[in-house]
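Visitor: Residue-level listing of the chains:
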Amino acid sequence: MRQVAIAGCGMTKFGRSDVNLVELMCESSVGALRHADLGERRVDAVYVANMGAARINKQTAIASALVDRLSLFPAMAESVENGPASGASAFKNGFLAVASGMADVVLVTGAEKMRAVNNLEATDFVASLTHPEAEYIYGVTLPSLAGMFTRLYMKQFGVTAEHLAMVAIKNQENALKNPFAHIQQRITIEGILHAPEAVVNNPFVADPLRLYDCCPVSDGAASLVLCELDLAREFCPAPIRVAGIGQATDTHAVHERPDPTQLTAVHLAAEKAFSISGLSPKEIDVVELHDAFTILEIAESEAAGFFPKGEGHLALEQGTTSLDGALPINPSGGLKGRGHPVGATGVAQLVELTWQLRGEADARQVKNAKSGFACNFGGFGNNVITTVLVREDR
Amino acid sequence: MIEPSVYGNRCSACGKVSYPAHHVCPECGEGAFEPVELAGEGTVLTYTDVYALPLDYAQRYLRLGMVELDLGVRATGQLLDENPEIGKRVKVTIGVVRQSSDKKIYGLQFVPV
Numbered sequence: 001m002r003q004v005a006i007a008g009c010g011m012t013k014f015g016r017s018d019v020n021l022v023e024l025m026c027e028s029s030v031g032a033l034r035h036a037d038l039g040e041r042r043v044d045a046v047y048v049a050n051m052g053a054a055r056i057n058k059q060t061a062i063a064s065a066l067v068d069r070l071s072l073f074p075a076m077a078e079s080v081e082n083g084p085a086s087g088a089s090a091f092k093n094g095f096l097a098v099a100s101g102m103a104d105v106v107l108v109t110g111a112e113k114m115r116a117v118n119n120l121e122a123t124d125f126v127a128s129l130t131h132p133e134a135e136y137i138y139g140v141t142l143p144s145l146a147g148m149f150t151r152l153y154m155k156q157f158g159v160t161a162e163h164l165a166m167v168a169i170k171n172q173e174n175a176l177k178n179p180f181a182h183i184q185q186r187i188t189i190e191g192i193l194h195a196p197e198a199v200v201n202n203p204f205v206a207d208p209l210r211l212y213d214c215c216p217v218s219d220g221a222a223s224l225v226l227c228e229l230d231l232a233r234e235f236c237p238a239p240i241r242v243a244g245i246g247q248a249t250d251t252h253a254v255h256e257r258p259d260p261t262q263l264t265a266v267h268l269a270a271e272k273a274f275s276i277s278g279l280s281p282k283e284i285d286v287v288e289l290h291d292a293f294t295i296l297e298i299a300e301s302e303a304a305g306f307f308p309k310g311e312g313h314l315a316l317e318q319g320t321t322s323l324d325g326a327l328p329i330n331p332s333g334g335l336k337g338r339g340h341p342v343g344a345t346g347v348a349q350l351v352e353l354t355w356q357l358r359g360e361a362d363a364r365q366v367k368n369a370k371s372g373f374a375c376n377f378g379g380f381g382n383n384v385i386t387t388v389l390v391r392e393d394r
Numbered sequence: 001m002i003e004p005s006v007y008g009n010r011c012s013a014c015g016k017v018s019y020p021a022h023h024v025c026p027e028c029g030e031g032a033f034e035p036v037e038l039a040g041e042g043t044v045l046t047y048t049d050v051y052a053l054p055l056d057y058a059q060r061y062l063r064l065g066m067v068e069l070d071l072g073v074r075a076t077g078q079l080l081d082e083n084p085e086i087g088k089r090v091k092v093t094i095g096v097v098r099q100s101s102d103k104k105i106y107g108l109q110f111v112p113v
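In order, the protein sequence lines correspond to chains A and B.
The letter at position 47 of the first sequence is residue 47 when you use this note's numbering, and the numbering goes up by one with no holes.
The letter at position 38 of the second sequence is residue 38 when you use this note's numbering, and the numbering goes up by one with no holes.
These are calculated hints, taken from the structure and not from any lab test.
The reader is advised that the hints may include incorrect statements.
[Said to hold, decoys possible] Using C-beta positions, here's what the derived DEER-type ranges look like: (1) Ala21/B to Gln156/A: 23 to 33 Å; (2) Gly87/B to Asn201/A: 26 to 36 Å; (3) Val113/B to Ser280/A: 47 to 57 Å.
C-beta atoms are modelled at their ideal positions from N, C-alpha and C, and glycine is treated no differently.
Work out the full structure, taking the sequences as your base and the hints as a guide.
Guide: Shown next, in the form of structure tokens:
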């Protein structure tokens, strides 16, 4: 296999967008292509990550539409739908195309325009990934699976509502330093948990999870330009090497897992990515996790191997995962702060890591970050992709 | 009218009961099953009250739970219990779990023993 590098990246501001889905994809794609500054080199293949265009935007074959808008003919192109892990899935396919020699330069764009429908429909659209007969018919949604998971996690490991709030506060604080983040709001533990009006401002969504434990519904797009490493060295001032990718699946119905608090697919995917990269969790400088719900940041930080099981909330409490801590998690704001346009998220995580490793993350820059880890969590943990990125000196 | 039921699958080769259905047994890899009615009692593993109600529901909240059934399999369903608790004993009943304008869907509802 050939070595693969990220040569450039870009994203739109996440939040509510007035332009259509393909225009949204164009914006991040053009940004990434400019950032990569390819010169005369052509894009050989385009991978688009998206979960819901057919249903919520009534448009199909959007990879072909993107190639057309960007006049990238005759580049190969396809869309990848893999639930909320679509972003990293498209990235993985782009990686494979370059690693195999089938393509030298690949554009990966993840996008979702979820605010085209109301919140009820957006939640129902995401809930369509649950098991149709054993979960969905009962009114199971992603927040309800997360609520049941959280209750069990709290009971077994002593995680409290305060710990969950700490994740929200930290990630929204980081998002204030990220001009691309959807949520631009400083919150305090008093305001969302202890003040009398907290019950109104921060009501239960699926108890014990409250509103501020859940990521927002967002529009947005994110893009990466992948390139064979030696080729990237010819023109890119700071190629970011894809050092390892791991992926694993788990049961469709969450209740079928031997231990429903164990995110086995996260554990296996991380183990694989670390083993391919030759790095250990201790050698990672910056991390992006899939905090669609606050509990997931804590649980994934353990399952990926950064902290022992049941101790993720202690690391959080001690400030280890803060922007100035020993292992900053979600400097971008995570899904909680940056927002979660589902198809875009896995790509946006790698965009943030690329900026961090290139030293281009401005006010939220993690000092001298050389290696990064991302976890894109599909379903409720039934399809997970993890990635290790490393800064290469030219 | 036939009483509605929910069924798990017992593997004809290894005896493992799984729910929902798989074409291939997750335990032994064989592919022949006999239906097993999900009935009897069990223990609440976890639960949640959902206030952000999904489509088709018009009520204050929806209480959902995961239950470890005594017959050796777990199931997700609606928890009809005013005082839910992890570890509490419940029994399986079948009722309408989702209702849209044109159809009623029957499924698992857990009630206190």
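Visitor: Quick check: does the Cβ-Cβ distance between Ala21/B and Gln156/A fall within 23 to 33 Å?
Guide: Since the Cβ atoms of Ala21/B and Gln156/A sit about 29 Å apart, the hinted range of 23 to 33 Å holds.
Visitor: Just tell me: holds or violated, for the beta carbon distance of Val113/B and Ser280/A against 47 to 57 Å?
Guide: This hint holds: roughly 49 Å between Cβ atoms.
Visitor: The hint says 26 to 36 Å between Gly87/B and Asn201/A; measuring C-beta to C-beta, is that right?
Guide: Hint holds: Cβ distance 33 Å, inside 26 to 36 Å.
In summary, this structure violates none of the numbered hints.
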